[in-house]
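Novice: One letter stands for each residue in the lines below.
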Amino acid sequence: MSHKDTYSSLFWIAIGAGSFYEGYRLGVGDLHNPGPGFIFFWMGLIMIGLSLSILVRDALRKFPAGEMTSVWSGIHWKKVISVLISLLLYSYFFTTLGFLLSATILLVFLFKAVEPQRWRVAILGAVSSALVAYLVFYVWLGSQLPKGFLEIG
Amino acid sequence: MDLWHYVGIGFSVALHPVNLFYCFLGVFIGTLIGVLPGIGPVGAMSLLLPATFKSSPEAGIIMLAGIYYGAMYGGSTTSILVNIPGEAASVVTCLDGYQMARKGRAGPALGMAAFGSFIAGTLSIVGLMLLAPPLSKLALQFGPPEYFTLMVLGLTILIYLAHGSITKALLMAAFGIVLGAIGMDEIASTPRMTFGRMELLDGVGLVPIVMGLFGISEVFLNIEREIRRDIFQTKIRGLFPTAKDWLDCKGALARGSLLGFFLGILPGGGGVIASFVSYAVEKRVSKHPDRFGHGAIEGVAGPESANNAATGGAFIPLLTLGIPPNVVMAMLLGAFMVHGIQPGPLMMKQNPGIFWGVISSMYIGNIILLILNLPLIGIWVQILKVPYRILFPLILLFCLIGVYTVSNAVFDIYIMITFGVVGYLMKKFEYEGAPLVLAFVLGPLFEVNLRKSLILSHGDFSIFITRPISACSLVLALLLLLSPLIPALSKKREAIAKDEIS
Numbered sequence: 001m002s003h004k005d006t007y008s009s010l011f012w013i014a015i016g017a018g019s020f021y022e023g024y025r026l027g028v029g030d031l032h033n034p035g036p037g038f039i040f041f042w043m044g045l046i047m048i049g050l051s052l053s054i055l056v057r058d059a060l061r062k063f064p065a066g067e068m069t070s071v072w073s074g075i076h077w078k079k080v081i082s083v084l085i086s087l088l089l090y091s092y093f094f095t096t097l098g099f100l101l102s103a104t105i106l107l108v109f110l111f112k113a114v115e116p117q118r119w120r121v122a123i124l125g126a127v128s129s130a131l132v133a134y135l136v137f138y139v140w141l142g143s144q145l146p147k148g149f150l151e152i153g
Numbered sequence: 001m002d003l004w005h006y007v008g009i010g011f012s013v014a015l016h017p018v019n020l021f022y023c024f025l026g027v028f029i030g031t032l033i034g035v036l037p038g039i040g041p042v043g044a045m046s047l048l049l050p051a052t053f054k055s056s057p058e059a060g061i062i063m064l065a066g067i068y069y070g071a072m073y074g075g076s077t078t079s080i081l082v083n084i085p086g087e088a089a090s091v092v093t094c095l096d097g098y099q100m101a102r103k104g105r106a107g108p109a110l111g112m113a114a115f116g117s118f119i120a121g122t123l124s125i126v127g128l129m130l131l132a133p134p135l136s137k138l139a140l141q142f143g144p145p146e147y148f149t150l151m152v153l154g155l156t157i158l159i160y161l162a163h164g165s166i167t168k169a170l171l172m173a174a175f176g177i178v179l180g181a182i183g184m185d186e187i188a189s190t191p192r193m194t195f196g197r198m199e200l201l202d203g204v205g206l207v208p209i210v211m212g213l214f215g216i217s218e219v220f221l222n223i224e225r226e227i228r229r230d231i232f233q234t235k236i237r238g239l240f241p242t243a244k245d246w247l248d249c250k251g252a253l254a255r256g257s258l259l260g261f262f263l264g265i266l267p268g269g270g271g272v273i274a275s276f277v278s279y280a281v282e283k284r285v286s287k288h289p290d291r292f293g294h295g296a297i298e299g300v301a302g303p304e305s306a307n308n309a310a311t312g313g314a315f316i317p318l319l320t321l322g323i324p325p326n327v328v329m330a331m332l333l334g335a336f337m338v339h340g341i342q343p344g345p346l347m348m349k350q351n352p353g354i355f356w357g358v359i360s361s362m363y364i365g366n367i368i369l370l371i372l373n374l375p376l377i378g379i380w381v382q383i384l385k386v387p388y389r390i391l392f393p394l395i396l397l398f399c400l401i402g403v404y405t406v407s408n409a410v411f412d413i414y415i416m417i418t419f420g421v422v423g424y425l426m427k428k429f430e431y432e433g434a435p436l437v438l439a440f441v442l443g444p445l446f447e448v449n450l451r452k453s454l455i456l457s458h459g460d461f462s463i464f465i466t467r468p469i470s471a472c473s474l475v476l477a478l479l480l481l482l483s484p485l486i487p488a489l490s491k492k493r494e495a496i497a498k499d500e501i502s
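In order, the protein sequence lines correspond to chains A and B. Everything in the first sequence is counted per the numbering used here, starting at 1 for the first residue and increasing by one. Everything in the second sequence is counted per the numbering used here, starting at 1 for the first residue and increasing by one.
Note that these hints are calculated values from the structure, not bench results. C-beta: ideal position from N, C-alpha, C; glycine also. One or more hints might be untrue.
[What the hints assert, rightly or not] Straight-line alpha carbon distances no greater than 27 Å define the calculated DSSO-like cross-link-like pairs of lysine-lysine that follow:
1) B:K428 / A:K78
2) A:K112 / A:K147
3) B:K428 / A:K4
4) B:K349 / B:K103
5) B:K287 / B:K244
6) B:K385 / A:K79
7) B:K385 / B:K103
8) A:K78 / B:K283
9) B:K287 / B:K250
10) B:K427 / A:K78
11) B:K427 / A:K62
[Unchecked claim] On the chain B side, residues computed to face chain A include the following (Cβ under 10 Å):
12) G104
13) L171
14) A188
15) G196
16) M198
17) L200
18) R225
19) D245
20) L397
21) N408
22) V421
23) L454
24) D460
Using the sequences provided together with the hints, build the complete structure.
Specialist: In structure tokens, the structure reads:
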């Protein structure tokens, strides 16, 4: 199970099965009158077939030692995960905190925690970037951005 | 006579001060993102799509088109000075461009890249002007079977040219079609795969998917490893190539322009394939192929003219058939739709101002690019020095703002993050994003035309082989899919894929 295509093909089999099931549930119809589930059903089936072929080919392939480690080795995992979590938290608090506050906090975090900078650079960079983005998108382009509890904007 | 009349309309639109400003903005941003690593033309276009909501459709499309061909110019600067391509179509320029810079000839390399891009870009627009009208007339005769099979052919070519496994590319295309079908069914008015979410009734948005796959995932990939960019320290002087340089390059420029234009029309081809093919051709026809890779100026002129000519060619299937040949054009199709314009055979008649205005603006854009890229080269070199640790938070912020302002829905931010993770894993496991996005955009058209064809023929699949255009498209698609079974062709395809990856 250390072949990397095995993991990915299992994932796509699951997605294909979901599409296949949804297509069946929605109604496949027939060739004279294809139903709303027609495309999901057949695409799901095709996805399962293709994923199975990748799975089988991978299982039969002679595995070069350490392939999985070559994909994941030398990676700064902490950075990727912390950026991902910060993006999720930003999205969660976006409407409550409002754009300016949430963007500033996110940027300070990204400037400081992920690729450490001096505090002054991080805070000044974050505040000025958030303000410029606010002026361009909210004031100039008239885009809708949440005001949050501070009611700024 | 008609052509000149329409060209007149086009220039009157393109030369309007507001449209000129948007054209400048587009090519400026295009050059900028071409210079900066980590965000490509697709990401930048999706980021700026909301900015076009307040503008007129022609101004918005002119700007987005400018980003596309502007990025092709900008990409060459990083290839020549840093040996890191700003975007995929400039990969091959590194080979000889960087070597020229090392030998103190950065100026002529940059100059030839800019002049070559300008000449090829302009020639391809002439080709677009001449080919688009007759193709539009031909496309008026197309029915659902022709459209369906053309889309099958388009997707097949893209899949065939994908790096690595065809099976994986096919899988991505199937997934893209499934994603594109989510939402309200046009024929039966039934919600499909919406999981009770109101936000999904209109389908999954193109912008969150594209930004996730090409913006967020790229940031993840760049921060997981240390990137070192060594800018070649040299004084850039003599941007105008010498008479000998011009003599050496005249064939390369002509061949690159022609190759690029025709390869640009092909779905999935675009600038990347065009630049690689041009480099291979130049090396083959050269009397001194051993100079290639050691600073041959033809190795810069050919690929740079090819990737710019490809941008003009790529507009042909979009503007005449309504079928985008690559992801960037798919993005542009999305922009047209946002403004209520359906590109296709009727566009030239229904919206001549936009059709010819966009084409004419590309002439002007090419001139602006020449001015931006030659006298202002010093500014781009300075921008190259901005470290990635400063850039990536800003890229993320702009992605977050861009995706929210399209729909004003936090739900779309979650979709973007999800596709960011999916895109990151896809790159790790060698699945390509391009077939997914193109199939996603074509998916709804693909489905509707398939179902309409089957309803028309009472469920008889022979409708696809009894009509000449659809039969030809299907035969070509089948040949491409079966070609990996022929060892010689399979080896050739693998060689192209390997070249692109390396």
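Novice: Compare the structure with each hint and give your call.
Specialist: Hints and how they fare:
1. B:K428 / A:K78: Answer holds: K428 of chain B to K78 of chain A is near 17 Å, not above 27 Å.
2. A:K112 / A:K147: holds, 25 Å
3. B:K428 / A:K4: Satisfied, since the Cα-Cα distance of roughly 9 Å is no more than 27 Å.
4. B:K349 / B:K103: violated, 53 Å
5. B:K287 / B:K244: OK: K287 of chain B and K244 of chain B at ~15 Å, within 27 Å.
6. B:K385 / A:K79: holds, 22 Å
7. B:K385 / B:K103: holds, 21 Å
8. A:K78 / B:K283: With a Cα-Cα distance of about 45 Å, the restraint between K78 of chain A and K283 of chain B is violated, given a limit of 27 Å.
9. B:K287 / B:K250: At roughly 14 Å apart (the allowed maximum being 27 Å), K250 of chain B and K287 of chain B satisfy the hint.
10. B:K427 / A:K78: holds, 19 Å
11. B:K427 / A:K62: With a Cα-Cα distance of about 22 Å, the restraint between K427 of chain B and K62 of chain A holds, given a limit of 27 Å.
12. G104: violated, 34 Å
13. L171: Since chain A brings a Cβ to about 4 Å from L171 of chain B, closer than 10 Å, the hint holds.
14. A188: Holds - the Cβ of A188 of chain B comes within 10 Å of chain A, reaching about 4 Å at its closest.
15. G196: violated, 13 Å
16. M198: Violated: closest Cβ of chain A sits about 16 Å from M198 of chain B, beyond 10 Å.
17. L200: violated, 13 Å
18. R225: Result: holds, 7 Å to nearest chain A Cβ.
19. D245: Nearest chain A Cβ about 41 Å off; hint violated.
20. L397: Nearest chain A Cβ about 6 Å off; hint holds.
21. N408: Constraint on N408 of chain B satisfied, holds at 5 Å.
22. V421: holds, 7 Å
23. L454: With Cβ-Cβ at 6 Å, under 10 Å, it holds.
24. D460: Hint holds; D460 of chain B Cβ to chain A Cβ min 8 Å, cut 10 Å.
Violation of the numbered hints given earlier is confined to hints 4, 8, 12, 15, 16, 17, 19; the remaining hints are satisfied by the structure.
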